[in-house]
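A.B. asks: Listed in order, the protein sequences are those of chains A and B. Taking this note's numbering, the leading residue of the first sequence gets 1196, the next gets one more, and so forth. Taking this note's numbering, the leading residue of the second sequence gets 139, the next gets one more, and so forth.
No lab work stands behind these hints, which were simulated from the structure alone. Treat the hints with care, since some could be wrong.
[Said to hold, decoys possible] Derived CB-CB ranges, DEER-like: (1) B/Ala322 <-> A/Lys1621: 30 to 36 Å; (2) B/His219 <-> A/Ala1565: 38 to 44 Å; (3) A/Ser1485 <-> B/Leu274: 23 to 29 Å; (4) A/Lys1408 <-> B/Trp318: 44 to 50 Å; (5) A/Arg1489 <-> B/Leu185: 31 to 37 Å; (6) B/Ala309 <-> A/Lys1353: 40 to 46 Å; (7) B/His219 <-> A/Lys1621: 33 to 39 Å; (8) A/Asn1469 <-> B/Gly360: 56 to 62 Å.
[To be verified] Facing chain B, according to a computed beta carbon distance under 10 Å, are these residues of chain A, among others: (9) Ser1365; (10) Gln1423; (11) Lys1426; (12) Glu1456; (13) Thr1462; (14) Glu1477; (15) Arg1564; (16) Val1572; (17) Phe1573; (18) Gln1574; (19) Arg1579; (20) Asp1580.
A virtual CB, placed ideally from N, CA and C, is assigned to each residue, including glycine.
One letter stands for each residue in the lines below.
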Amino acid sequence: MKILIRTLTSLFLAVVLLLTFAVPAWAFCGFYVGGADAKIFNESSQVIIAHQDDKTILTMANDFQGAVKDFALVVPVPVAIKREQVNIGDKEVIKKLDAFSQPRLVEYTDENPCETKESAVIQRRDQLSDVAGSRNTTAQRAAPRDLGVTIEDSFNVKEYEILILSAKESDGLETWLRVNGYQIPKGASEVLDPYIRQKMKFFVAKINLKEFKSTGLDALRPLQIAYQSPKFMLPIRLGMLNAKGEQDLVAYILSPKGQVEVANYRTVKVPTGNEIPEFVKEDFGKFYKSTFQRSYEQENKKVAFLEYAWDVSNCDPCSTTPPTSEELRKAGVFWENNSNDAIIVPRRGRRFVPSSNTFITRLHVRYARAQFAEDLVFQETSNRDNFQGRYVMNHPYRGTLTCSAAQGYVKKVADRQQQEAQNLAKLTGWNIADITKRIQPLTAFKPTSSGNEPFWPWK
Amino acid sequence: MIKSLDPRVYQIGFLGLFLLVGIGARDWSLQPMVVATAIIGCAVNQLIAKSIFQPKENPLPSLQSSLITSLGLALLLRTNHPTTMLLAATVAIWSKFLFRWDDKHFFNPANIGIVAVVTLTGDAWVSPGQWGEDWLYFLMFLAAGSLVLKKVGRWDTSVAFLASYAAMEAARSIYLGWTWDVWAHKMMSGSLLMFALFMVTDPRSIPNARSARLVWSVVIAGATFILRNYYYVPSAVFYALFIMSPLTLILDAIWSAPKFSWEKLRPFTFNKTKLEA
């Protein structure tokens, strides 16, 4: 009998406990006003990874700031890459995916509390533009020498001169790269060694100046490589060598299956759905930067952040139109994408939500050597839940209030503003007193319904 | 009074605690319906299967085992659909009655449930990174795990698994020239520790004799190591355990020892040898 009671009690308790926690639910609506693109973060790299089964197309953006002749890139790759597996990507596509998936600010305007039927008109605001970013290494010229390094392949793709190297010893590879003019940071051989021993190859690129001039472009175009390997990872250890401190990586991962998460670190959602004061609109980028930094510190600097996860064929609210099939193809989508190109940007109310077999996950990883010892390993999941970093701004009704309900409304707005100030302080770590100073209270309230008001029109 | 408590009660308590910690502090977005489906699905299946296969026994005590299985599923298996979780619960419970040899089941129920739905439905996944690599969680699992394992007497299995896996990863780290923090990062994974303390030690489905268990743990560690590092399977531990589970039968045949029974652990019921699934 005792066992029976104990069993039933524990069963019951477990069910009750589990049913009482609520998953936060909110309606994805509101109007998009602005976003925080990847450009606001210094030292940031952006990559697009299109992945299905064991096939990967990796697009690396280059916004190399120095002289083009100094540009060089060394990326460990799981398999040897041939000429036909390399392509020049489109920078605009990275911009597009950034704009499509960036954390966003949405706004609501209160209706006049004295009018119940008419609703206030809300204007959709303009969108922020954005520019891609990248990480890179620098190079000079010198003569080659045999140091246990094999040039598996060497070819040119437009303005890029590409070498596929394999090596026996990291010291040899480091020396080879140095002799050949690649300025490898100190300590590189220690990091290169594990890649060599895992039989990985090195994708090395520098610029053919003549070709570059003939393109007439003033910036480098992204490099795109396709390979087949069960390794679904991104090497970040090499990049940590030449960075001074923390680096940001924004990865747009496209998959026909669903969300992609990091398998060897925690993947944490950025804060979302928070109501924040109106003035944040003036500098949403600064707000998001502080919010991200604070979350990063709260998670002890060792997690990957999920900023966006959505079916690419729709969005709500949209920061820009969903990428077209052509744009997705340029981003590396090699599976048949059935998304509808004639997409209607969703608005309020009932609507048809298009769906496709391409899902985008935007992961933002801020990493430093001390916290990220291992390269990032990804895994696809069948999770098609939508997620976005979304922050809400409420505009009070600032017209003349002429009814008794107004008193209550003014109080309600004051309370809400107080709460919004607290939310902002909590999210960003900004001083609450400074925040409160910047909030514009609702003072326009003049009770006009007492019956003693002047009736003349020039009052 | 406390001494007479079934170790399964501790296990239920700890797994329930981990679930709440995961939801509260580790940013898990579990659907209450999916979790409830795991608990109810396992319990109902347990009662039905028990009434068919062992109609003469009181089915109620075995609900503790089904609750452990369901909490294991809720902690490890991720899906957005309750039906997928129901399938996992059904496979888990029925495996105890269908895959039997010499009156002993040899698949870990939660494990076979997870492997079945992840491979067959394409609608479920396991998040190996979900616990992170914090000391706090490491200590929490260690404290809870050692308490339960001390009662069940299966600490040898956890230690053998973790030690052999750590040694293999260390050897690989040295060979590749990785710094030690890479190894530490791999070993500090909360998911690995939870598996080592709470799944690989299930006394009912693993070998009975200590020597057999030691061999078994090392084999599973080896399979995990190979799947993870050479086949790049992020949730390698679950597949390793699944593939190696039938080995229990062979190991039991080589090293004979009395079968594990929850009843035997309790004082005053010493002579009862009947097994419950």
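A.B. asks: Which numbered hints are broken by the structure, listed smallest first?
C.D. replies: Hints 5, 8, 10, 14 not satisfied by this model.
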